[in-house]
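Colleague: The listed protein sequences derive, respectively, from chains C and Z.
Counting in my numbering, the first sequence runs from 1 upward without gaps.
Counting in my numbering, the second sequence runs from 1 upward without gaps.
Please note that a few of the clues may not be correct.
As the list claims (entries may be wrong) - Below, computed lysine-lysine pairings styled on DSSO-like, alpha-carbon distance capped at 27 angstroms:
1. LYS127(C) with LYS193(Z)
2. LYS257(C) with LYS262(Z)
3. LYS193(Z) with LYS164(Z)
4. LYS200(Z) with LYS164(Z)
5. LYS164(Z) with LYS127(C)
The set of hints was computed from the structure by calculation and includes no laboratory data.
The structure displayed is predicted, hence computed values, not measured ones.
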Amino acid sequence: MMKSAYFQSVSSSRGYWLISAIAGVITLAGLIGAEHMESAGHWVTGMSNQVVWGVPHVFAIFLIVAASGALNTASIASVFARDDYKPLARLSALLAIALLSGGLAVLVLDLGRPDRLIVAMTHYNFKSIFAWNIFLYIGFMFIVGIYLWMMFEPRMNRFTARVGTAAFIWRLVLTTGTGSIFGFLVAREAFDSAVMAPLFIVMSLSFGTALTLLIGMLIFWINGATMDPALAQKLRRLLGFFVIGVAYLVAVDHLTKLYVTGHHQLEQFILVDGGIYTLLFWGVQILLGTMVPAILLLLPRFCQRGYLIAAALLVVVGALTQVYVLIIGGQVFPLELFPGYSVTSTFYDGVIADYTPSLAELALGMGGMGLAVLVTLIGIRILPFVPVQMTGENQD
Amino acid sequence: MTALAATQRARLNASASRPESIVMDMKNSSPASPRRTFFTQASAGVALLALAPGVRLVDLALARAQDEPASAAQRWGLLVDVDRCVSGCDACVSACNTEHGLGDSERPQTDAQWIRKVDLVDNNTGRQLSLPLMCQHCEEPPCVDVCPTGASFRRADGIVLVDKHTCIGCRYCMMACPYKARSFIHEDLTGQKTHAPRGKGVVESCTLCVHRVDRDESPACVEACTDAGREALVFGDINDRNDPLATQLAETTTRELRADLKLNTAVRYRGL
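Bound-form chain C, shown alone (with noise of 0.2 angstroms):
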């Protein structure tokens, strides 16, 4: 068991003031972003009636992802008895609820109508997987409050693992829940696929993972420490595996769709001839975001810190290239209402949608990331978070 003489809260530094301040401003340029949406309208977005969700879904999507990843470390200490990953376990669930801030954030900047969130949160419809979603991220941001709680105070942390527990049980439905969002869209065929959940759940361990060594090498760095590498490289496999992990599940996506003939137009246009999606899927999601770091994670001779940084860093470019192509490549290819027929209308049936984001809704989805960092930078100050020194000496 843990002790909490051995972790301290990180004092102030020219390293942190200097991370917070680019935070800080990366936050506030999302919130002025955000507000620019509001006021003007979303037309100021590349959003329009055909791409109803843009790049601030996007940053949403992978940052909620990502917090549920986020808590692996905590997971693998608590729930699976690792005792070598503990050191890590108090930051793991504090950024599972900054990355969940950040992109909630972010979510709720792009409602058409934030200031009515009073209502999203007062009127329900149970049928909506949307307002179980609501609930689920209430329910973690909870449980993992808990769950710190028992690892903060030494009374409380024989229940850590029991705690733990459940917040590993409620991450996986969170993940279900935010896969079902686009695999209950039964009517278009980018997104109606029970592989959804799976792949939801798989990508939320490879993005939490590799979001964890970056902030956590970059806490260690403001904190003038570097992070044990035996527990590095622990990751570092752990990360490889989970970038297979995300690769196979895509394969068994595409696979799916490429055996039903019906889908073979929307295939053709992802894998074949659908311009800068075609480029993004294959040149960065797959080249960059996997296969690269799949050698550097896996392959012993890349085991140095600058290949992990690496790595992790073409993961998480990765991570959101595969939502961006998923999210809105999903959403520019028409939706097929007359088989058989070529289509064409006012309303851009038949043809394969526009869509160039603007600076206002990239500052926002920055702004979640930044949010983010923000919200952990101000959790390692007020409370000891950050171990003393990373060795394996600092368990019981």
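Based on the hints, put chain Z in the right spot on chain C.
Modeller: For chain Z alone, kept in the frame of chain C given last:
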């Protein structure tokens, strides 16, 4: 019912008294003398004349008052006769835009369109078709299922609407609609009609001219189509077997769009 519906009903009544129907009736009846037949029919006629005003009164008594809630006894719907719809004619679209105050912001990708004309070309035969497409007022609407706040709802009489006070603008209904029938309001609006409350940041779609239906009138698109001499749109109550719409649906082969989703739409297409 509307004047248009009354005309359609009169046409149907006329067709019901065709000689073939009398022959069919006689085939099924037992042999009788001409005099007895005459007296029987004359008595039936007198009885009908005596009862008809009463039946009409019952009809009037059943008509819904303005302050009464919509009833599931009715289900409003539309039949689109694709063979009568002409490419290039957008009378229905213009009428809808005028009726609900839908404007043109010179940004067509974000402009609201409650009804649109779709031109089709059969990939195999080259046959060209044109038809209007709008909210299909599904019996099992996906937009209602996914709406987190319940702002998207289906009225008892089958009209699918958006409660503009509880819509938070999440646009999940637009993702879920198989017909791309919904529009999000991307900018500030001015000069809205009192019967069509609209505003920035919420989602909207065809209301089947619910304000007109509640006044016992046809939707604006149907009226405009008739005025344009096309008569490609028939509006009525699917549940009322005597309604021209229900009769035509019963007599001809019609199709619902994305029938594979089993949404049981209230808008049906003939000739597609």
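Colleague: Decide, hint by hint, whether the structure agrees.
Modeller: Going through the hints against the structure:
1. LYS127(C) with LYS193(Z): The given pair, whose Cα atoms are some 33 angstroms apart, is violated under the 27 angstroms limit.
2. LYS257(C) with LYS262(Z): holds (21 angstroms)
3. LYS193(Z) with LYS164(Z): At roughly 14 angstroms apart (the allowed maximum being 27 angstroms), LYS164(Z) and LYS193(Z) satisfy the hint.
4. LYS200(Z) with LYS164(Z): Holds. LYS200(Z) to LYS164(Z) sits at ~10 angstroms (cutoff 27 angstroms).
5. LYS164(Z) with LYS127(C): holds (20 angstroms)
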